[in-house]
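Residue-level listing of the chains:
2 protein chains.
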Amino acid sequence: MHLIVDGFVSRRQILEDEESIYKFLDEYPGQIGMTKISPPQVFRYVGTKKEDWGVSGFVFIAESHLSIHTFVERSFVNVDIFSCKDFNADRVIQDLKSWLKFTAFRSQLIDRGWESLAREEPAEVESLPRSK
Amino acid sequence: MHLIVDGFVSRRQILEDEESIYKFLDEYPGQIGMTKISPPQVFRYVGTKKEDWGVSGFVFIAESHLSIHTFVERSFVNVDIFSCKDFNADRVIQDLKSWLKFTAFRSQLIDRGWESLAREEPAEVESLPRSK
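Protein chains in written order, with the numbering used here: chain A, 9 to 140; chain B, 9 to 140.
Hints listed in this document are in silico derivations from the structure and should not be mistaken for laboratory results.
A portion of the hints provided could be inaccurate.
Note that the list lumps identical chains together, so a pair holds whenever it fits in one copy or between two copies.
Cut-off 25 Å, straight-line C-alpha distance, at most; resulting in silico cross-link-like pairs (BS3-like, lysine-lysine) [said to hold, decoys possible]: (1) LYS105 with LYS31; (2) LYS44 with LYS58; (3) LYS57 with LYS93.
Model the full assembly from the supplied sequences, consistent with the hints where possible.
Listed below in structure tokens is the structure:
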């Protein structure tokens, strides 16, 4: 399962706060039953245009990841919660809303597993998955 | 733009080859006009079940990322190509097909930008994006 959440936030100060973003990536996986397998990497990014700056963060969890990219001058954030295990996406959205105070957001839940691809009709894919 | 590609591959040896995956994450962003802002991180992962193992890799590009997670025993891979700039998704899919030799795959292209969210009708989002 891969939950994608993009939003405008009212707590803009979080978007420029590397410590808060590190703490989220460090602590949140454990709170939703995911196994973190590396320390988070978080840093401030400044683009070629001076309004393009923000904080990017990433943490590996078992065979997947969490990531955050913030756009401070836009009060905008991209969040990815990607896990090979199922998780409660509604809870994650509620937690992100509490943390970031979205003024507007969109979310999408995507099945990334092999099981559903293996079940698809051959016509929908290039050819049959090879048998194992 | 965020391109998601999941597939079964016939070149299974690539899925366990940390060097090939590092090389892809290191060199491919430049080939499609993306700006890499960190060296890739790539490592082998072994889960609690012995069939759950593979290679995970990640590289930051300007305010977004590329990632790969492989499942060697399933001959399966998850690839994310996420960029705040537009790129030629068809070309990327062709390049991934050449590299990994999919026997079956699915792809999805997702708009992650603030522009489209700012344009959405208030009814579709929690509330109006705050003006800047």
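Exercise for review: Against the earlier hints, flag every one the structure doesn't satisfy and list their numbers going up.
Suggested key: none
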